[in-house]
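Chemist: Heads up: the sequence lines are chains U and R, in that order. Take 1 as the starting number for the first sequence in our numbering and just add one per residue. Take 1 as the starting number for the second sequence in our numbering and just add one per residue.
Honestly, the hints are just simulated from the structure, not real lab data. C-beta: ideal position from N, C-alpha, C; glycine also. Treat each hint with caution, since some may be false.
Unchecked claim - Calculated lysine to aspartate or glutamate pairs in the EDC-like style (CA-CA distance at most 16 angstroms, straight line):
1. U:Lys40 / R:Glu34
2. U:Lys685 / U:Asp837
3. U:Lys40 / R:Glu31
4. U:Lys5 / R:Glu69
What the hints assert, rightly or not - Simulated coverage check for chain R against chain U, where a stretch passes if three residues somewhere in it have a Cβ under 8 angstroms from a Cβ of chain U:
5. 14-24
6. 35-44
7. 70-76
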Amino acid sequence: MKKHKPPVWADMFLEWYCSKNYIEEVQGDLYEWFQLRVEKQGLWAARLLYFLDVIRFMRSYRLKSIDELSQNSNNIAMLHNYLMTSWRSLTKNKLFSIINVSGLTVGITAFLLLWTYVQHEQSYDEHLENKENIFRIQQDRYNLGELTTQWAAGCGAIGKTLKDNFPEVESFVIMTNSNAVLEYNENAFREDATYYASEDFFKVFSIKLIQGDPETVLKEPYKAVISASAAKKYFGEEEPLGKMIEHNGNKEFEIVGVYEDLPKKSHMQADVLYSFSTFVDLVDSEVTGEWNWDGFYNYIVLKEGTDYKDFESKIPALIEKEIGENLTNSNSDVKFNLQPVTDIHLTSNYMMEFKPNGNAQATNFLYIIAFFIILIAWVNYINLTTAKSMERSKEVGIRKVMGSMRGQLVKQFLVESFILNLISLLASLLFIYLLLPYFNLLTGREIAFELFDSNILLLIGGILVLGTVLSGLYPALVLSGFKPVAILKGKLKNSSGGKTLRKGMVVFQFFTSLVLMVGTTTVFYQLNYMSNQDLGVDINQTLVVRGPNVTDSLYSDKLNVFKHNLSAQSEINVVTSSTSVPGSQPDWNAGGIYVIGEDPNKSQQYRIIGGDYEYLEAFDIELVAGRNFEEARTTDPNTVIINESSVELMGFKSLDEALTKEIQFWGDTFQIVGVVKNYHNESLKKSFEPLIFRLIPNASNFYSVKVTTDNMPRTIAIIEEEWKAQFPGNPFDFFFLDDHYQEQYKADQQFGQVFGLFAGLAIFIACLGLFGLASYMATQRYKEISVRKVLGATVGSVVTLLSKDFVILILIAIVLAIPVSWYVMDGWLAEFAYRIDMSWWLFALPGITLIIIALATVSFQTIKVGTSNPVDALRSE
Amino acid sequence: MKGTYLGEFEELVLLTVAVLNGEAYGISIAELIEQESNRSVTISTIHNVLYRLEDKGYVKSELGGATAERGGRKKRLFSITATGHAVLNESKQLRNKLWNSMPELGF
Numbered sequence: 001m002k003k004h005k006p007p008v009w010a011d012m013f014l015e016w017y018c019s020k021n022y023i024e025e026v027q028g029d030l031y032e033w034f035q036l037r038v039e040k041q042g043l044w045a046a047r048l049l050y051f052l053d054v055i056r057f058m059r060s061y062r063l064k065s066i067d068e069l070s071q072n073s074n075n076i077a078m079l080h081n082y083l084m085t086s087w088r089s090l091t092k093n094k095l096f097s098i099i100n101v102s103g104l105t106v107g108i109t110a111f112l113l114l115w116t117y118v119q120h121e122q123s124y125d126e127h128l129e130n131k132e133n134i135f136r137i138q139q140d141r142y143n144l145g146e147l148t149t150q151w152a153a154g155c156g157a158i159g160k161t162l163k164d165n166f167p168e169v170e171s172f173v174i175m176t177n178s179n180a181v182l183e184y185n186e187n188a189f190r191e192d193a194t195y196y197a198s199e200d201f202f203k204v205f206s207i208k209l210i211q212g213d214p215e216t217v218l219k220e221p222y223k224a225v226i227s228a229s230a231a232k233k234y235f236g237e238e239e240p241l242g243k244m245i246e247h248n249g250n251k252e253f254e255i256v257g258v259y260e261d262l263p264k265k266s267h268m269q270a271d272v273l274y275s276f277s278t279f280v281d282l283v284d285s286e287v288t289g290e291w292n293w294d295g296f297y298n299y300i301v302l303k304e305g306t307d308y309k310d311f312e313s314k315i316p317a318l319i320e321k322e323i324g325e326n327l328t329n330s331n332s333d334v335k336f337n338l339q340p341v342t343d344i345h346l347t348s349n350y351m352m353e354f355k356p357n358g359n360a361q362a363t364n365f366l367y368i369i370a371f372f373i374i375l376i377a378w379v380n381y382i383n384l385t386t387a388k389s390m391e392r393s394k395e396v397g398i399r400k401v402m403g404s405m406r407g408q409l410v411k412q413f414l415v416e417s418f419i420l421n422l423i424s425l426l427a428s429l430l431f432i433y434l435l436l437p438y439f440n441l442l443t444g445r446e447i448a449f450e451l452f453d454s455n456i457l458l459l460i461g462g463i464l465v466l467g468t469v470l471s472g473l474y475p476a477l478v479l480s481g482f483k484p485v486a487i488l489k490g491k492l493k494n495s496s497g498g499k500t501l502r503k504g505m506v507v508f509q510f511f512t513s514l515v516l517m518v519g520t521t522t523v524f525y526q527l528n529y530m531s532n533q534d535l536g537v538d539i540n541q542t543l544v545v546r547g548p549n550v551t552d553s554l555y556s557d558k559l560n561v562f563k564h565n566l567s568a569q570s571e572i573n574v575v576t577s578s579t580s581v582p583g584s585q586p587d588w589n590a591g592g593i594y595v596i597g598e599d600p601n602k603s604q605q606y607r608i609i610g611g612d613y614e615y616l617e618a619f620d621i622e623l624v625a626g627r628n629f630e631e632a633r634t635t636d637p638n639t640v641i642i643n644e645s646s647v648e649l650m651g652f653k654s655l656d657e658a659l660t661k662e663i664q665f666w667g668d669t670f671q672i673v674g675v676v677k678n679y680h681n682e683s684l685k686k687s688f689e690p691l692i693f694r695l696i697p698n699a700s701n702f703y704s705v706k707v708t709t710d711n712m713p714r715t716i717a718i719i720e721e722e723w724k725a726q727f728p729g730n731p732f733d734f735f736f737l738d739d740h741y742q743e744q745y746k747a748d749q750q751f752g753q754v755f756g757l758f759a760g761l762a763i764f765i766a767c768l769g770l771f772g773l774a775s776y777m778a779t780q781r782y783k784e785i786s787v788r789k790v791l792g793a794t795v796g797s798v799v800t801l802l803s804k805d806f807v808i809l810i811l812i813a814i815v816l817a818i819p820v821s822w823y824v825m826d827g828w829l830a831e832f833a834y835r836i837d838m839s840w841w842l843f844a845l846p847g848i849t850l851i852i853i854a855l856a857t858v859s860f861q862t863i864k865v866g867t868s869n870p871v872d873a874l875r876s877e
Numbered sequence: 001m002k003g004t005y006l007g008e009f010e011e012l013v014l015l016t017v018a019v020l021n022g023e024a025y026g027i028s029i030a031e032l033i034e035q036e037s038n039r040s041v042t043i044s045t046i047h048n049v050l051y052r053l054e055d056k057g058y059v060k061s062e063l064g065g066a067t068a069e070r071g072g073r074k075k076r077l078f079s080i081t082a083t084g085h086a087v088l089n090e091s092k093q094l095r096n097k098l099w100n101s102m103p104e105l106g107f
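Work the whole structure out from these sequences, hints included.
Modeler: This is the structure we're talking about:
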């Protein structure tokens, strides 16, 4: 009988894993079995089954044990030894290990959280399939050569004109917001994020249509496509297709499609989309020919490989050709910039954004902080370990005498560093899962930490390897470099080079902490400054109801009844209706306004607020010249009130001069009858904008109710009841004006909180390091201190002596941190029109705090040494 | 009876070990089971069961009998212990008792 051999690889694998206690019988049986199988089932089947059997035999009790492995491999034996000694040394110095691990854990947790946040911010709109080629056209308007307005949503004509004139443009989408109350079967909601969108929308943006044909859904007028969640809101489990939904009570849309909700990580937010042809029908104008009508989002898709900057530079010539004459005549200009769609979230902050976007500067700040924090944590490890090295020098000496090579010692310390880093990393991952919900609350985002994302895995691996090497290598080299004879004779002194490095690292840690503290202090003082400024307008005790969308011909009368009935209530002072309220930019921006008698070509843009007779009084806006609108004067609809900024912009020399002038406003003439003092209609980031108040007694956007009440719920109930009586079919939406105003600072507040949190963490880590270092110094100088005490030194003088070194280091850190933080924070403050100055106490406060924290940390150790009995230290010489 | 529980397959293997009387090792047991019960067994399962039985003290083993087709590896030869025999016996008694008390069903 010819003897066949089982597969070699399978056999080698078996021999590799199988313990010697089992290999005899297992391999013997398998061989015999194999031979039997060859006879019965043929060679190939037998080979295959042999391999399967080898795998089946792999049970844990048959695997080689560590001891068994180390008999064959010296490296594995040594690794075993390293692990054991590392574990022993970690458990021996428990306090020290805890300081090290907690420092690293906090550092890694902070780093990973910030990293995921930054990644989140930078990955908006990445889901779009054609993202490299989609651009939004942003529009800048100039008057008399000066930049006046910057729009996210520009004029109606630009998209189509580009498509018609340049072959590089594959397609375009035009969109505009619709202010809507939608109703289906008595189910009415106010919808802020609904838009008219042209037919190519679903071709350009890869948003999945669950139902409906992407080619045709947005083609015909009075058709709408609805997001999945909105469909659920209105129709529940019913089939949405074919349903009619009522829009502002005066028109109906047929639902012809349902799309997947837009991802949260999109600059766009749209719950319902109506066909743009509807809008064209409603306004009775081909919007794509309008060059002076702003408020339209224009997106274009460029052909693959087109350089968009190159393309952008061709636009001015086209504009010149199309409307150059008009622009020159009105002394104005308009420029268009292409925004790559993936950049919009972080770089775009113009008029009429879909939603508040992120801030590239703040994001970059946080990115830098992330790296600094992890560096601080690593520096901590280096510092503590090298400081602690004295205690382990005897161990190193003995090991060397016993024949340890330097390489082996380095490995031993690297293994220790690896273990510490690994423990910290695992603890961080746990913390991240626990803390992420709170972090999301803080940042106002929905960030997910996906551990098994390849980037995250790579990053974590990187942190582990880099952390081990960076933080472990230096101590490893220092420790392994000791001369055994010197150590064992007790003559070892730390090199002065090592000391300088350690001091340098302490300075670095405190420098970073201080910069972060100054940053936090500045942010909070600025926020505090802004909320304590006199706004010039009274926004307290004001409840704002959003006006009705569904109205009829009796609207004005009903509004009067509403105002009258509410004003009759004792807890309600006054009700005023207006087109906008303080705390957000007036939607109404009007260009082409000029003073009669002046050159019409010197027209300017103004923000317009339409209000009733009570508007100025209700908000306590001060008149500095002229009068308010008066109900008795029938000519008042043809008058305006302006603010001081407008007086300046119109070029009047005095307030009284303004009262003698008339202005031309979109073809009508208006007499200026009053001037109000400048007030902060918007956040203090902005300077005073030129405002014009027009008398619009029945403005329907906002009804502001000034209340004096100690029972807010009851007052709200009264208002709601009156609302239901006068404006049935309209949802009752209200907000408090002071909250609304504060909303403008939300991003800054979040930034301040995040900044403060991580500053705190950085200080915590730095103090951990300082604590460890102080305890080391104290043990080092134990004998010296004892001698001093024997010679008559007091506890106070000893503590001073020990603390002095640290104070000097912190002072150096402060001196270095001042210019850096001044430069950085001055840059941040430059965003604000009304800002605090960088004064000395912004540095002094954090600086003194830092010194106090540091001294408190250090004093634990210094006082312990200072009060100890010198005999304990000296008797054993 | 606690602690002397025998699984169905364990009992089968234990019986086979007793039948083979000193010649029982992985392959011979597997072959006999395949032959008698017509069911296919994997060799690793037999091994696992044997170790389990050994842990329980029902079988004992020694190394010996290397042959050429085993690549010169020794066999682990199993033989039944007195306890093992008692357990088998007990199990058989139980069955007999139950069989005897079964009424005539007339199948």
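Chemist: Tell me if chain U covers the stretch 70-76 of chain R under the three-residue, 8 angstroms CB rule, please?
Modeler: Our answer is that it holds, as 6 residues pass the Cβ test (under 8 angstroms) against chain U, meeting three.
Chemist: Is the straight-line distance between the alpha-carbon of lysine 40 of chain U and that of glutamate 31 of chain R 16 angstroms or less?
Modeler: 13 angstroms, holds
Chemist: Between the alpha carbons of lysine 40 of chain U and glutamate 34 of chain R, is the straight-line distance 16 angstroms or under?
Modeler: Cα-Cα ~13 angstroms, so holds.
Chemist: Under 8 angstroms between beta-carbons, do enough residues of the stretch 35-44 of chain R, three at least, approach chain U for the coverage claim to hold?
Modeler: Coverage by chain U holds here, the residue count being 3 at a Cβ distance below 8 angstroms.
Chemist: Has the given pair, lysine 685 of chain U with aspartate 837 of chain U, been kept, meaning a C-alpha gap of at most 16 angstroms?
Modeler: Holds. Lysine 685 of chain U to aspartate 837 of chain U sits at ~14 angstroms (cutoff 16 angstroms).
Chemist: Between the alpha carbons of lysine 5 of chain U and glutamate 69 of chain R, is the straight-line distance 16 angstroms or under?
Modeler: 10 angstroms, holds
Chemist: Taking 8 angstroms as the C-beta cutoff, is the stated coverage of the stretch 14-24 of chain R by chain U satisfied by three or more residues?
Modeler: Not satisfied, violated; 0 residues make the cut.
In terms of the numbered hints stated before, the structure departs from hint 5 and from no other.
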